[in-house]
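J.: Heads up, the final residue of the sequence shown is numbered 282 in our numbering, and it's a clean run with no missing numbers.
These aren't lab readings, by the way, just hints derived from the structure by calculation.
The beta carbon of each residue, even a glycine, is placed where N, CA and C say it ideally should be.
Worth double-checking, as some hints may not be accurate.
As the list claims (entries may be wrong) - Have a look at the derived ranges for each label pair, beta carbon to beta carbon:
1) Phe112 x Leu138: 31 to 37 Å
2) Ser274 x Ser211: 53 to 59 Å
3) Leu138 x Ile102: 43 to 49 Å
4) Lys157 x Ala96: 40 to 46 Å
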Amino acid sequence: MNERLFLKLLLALFSGLIVAELLVVLLFGFRLELLLFWFILAVAFAGILVVVRLLDQQRSEIDSVSSRRAKMKRSDVMRDRLSEYSVDEEFLCAERSTQGKGDQQEPSSAESVSRRDAEGACGTTLSVLESWSMERESFDEYIRRSMSGAAEGSECADAFSVDLDGAALSKGIVRPPEDFEHSPKSVMASLKRAGMKS
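Please build the complete structure, drawing on both the sequences and the hints.
T.: In structure tokens, the structure reads:
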């Protein structure tokens, strides 16, 4: 939850508590609960003061460890205690430069940022990506070798082959092998063969 929203809700709660106490006193009068009334009133006012102070307080910027050490080393008391700790001057310079360039425009694209910030690494990656090509001829040759039988060439003898009959496929009269049929006769035959092997 947002901190300012939470503080505003607390402010509304404490204000409502004061209104409720005043309403109870007006309706039922002052009785033995007077001590409790003043206590609740004091707590509500204290809560309101805390919330108002926190709402008005400006949020301080988050400091890095190096910037806090640099601030502490300026005082004489802390300089001796922090003498062993180093301050990253390079980080402080970068921090100052980012504060000064707050109005600078963002780069237009991620590609321009990567080309600017990572010279060399992106260049080699880009050259490798550009060297890849989708050559249709070599892809078609690969598919032809994979789908043809081993008899067509010695280079396909050790490769995976589906052994499709192109002529029968083009006529549409191809009958699947008996092992792949789903008729009850072929299923029973395959079960009998499996039983004989074991």
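J.: Can the suggested window of 31 to 37 Å be confirmed for the beta-carbon pair Phe112 and Leu138?
T.: Since Phe112 and Leu138 have Cβ atoms about 34 Å apart, the given range 31 to 37 Å holds.
J.: Take a look at whether the Cβ-Cβ distance between Leu138 and Ile102 falls inside 43 to 49 Å.
T.: Because 18 Å falls outside the window, the suggested range is violated.
J.: Is it true that Ser274 and Ser211 lie within 53 to 59 Å of each other by Cβ?
T.: The hint (53 to 59 Å, Cβ to Cβ) holds, given that Ser274 and Ser211 are roughly 55 Å apart.
J.: Holds or violated: the 40 to 46 Å window for the beta-carbon distance between Lys157 and Ala96?
T.: Roughly 45 Å apart at Cβ, these two residues keep to the hinted range, so it holds.
In the structure shown, a violation is registered for the earlier hint numbered 3 alone.
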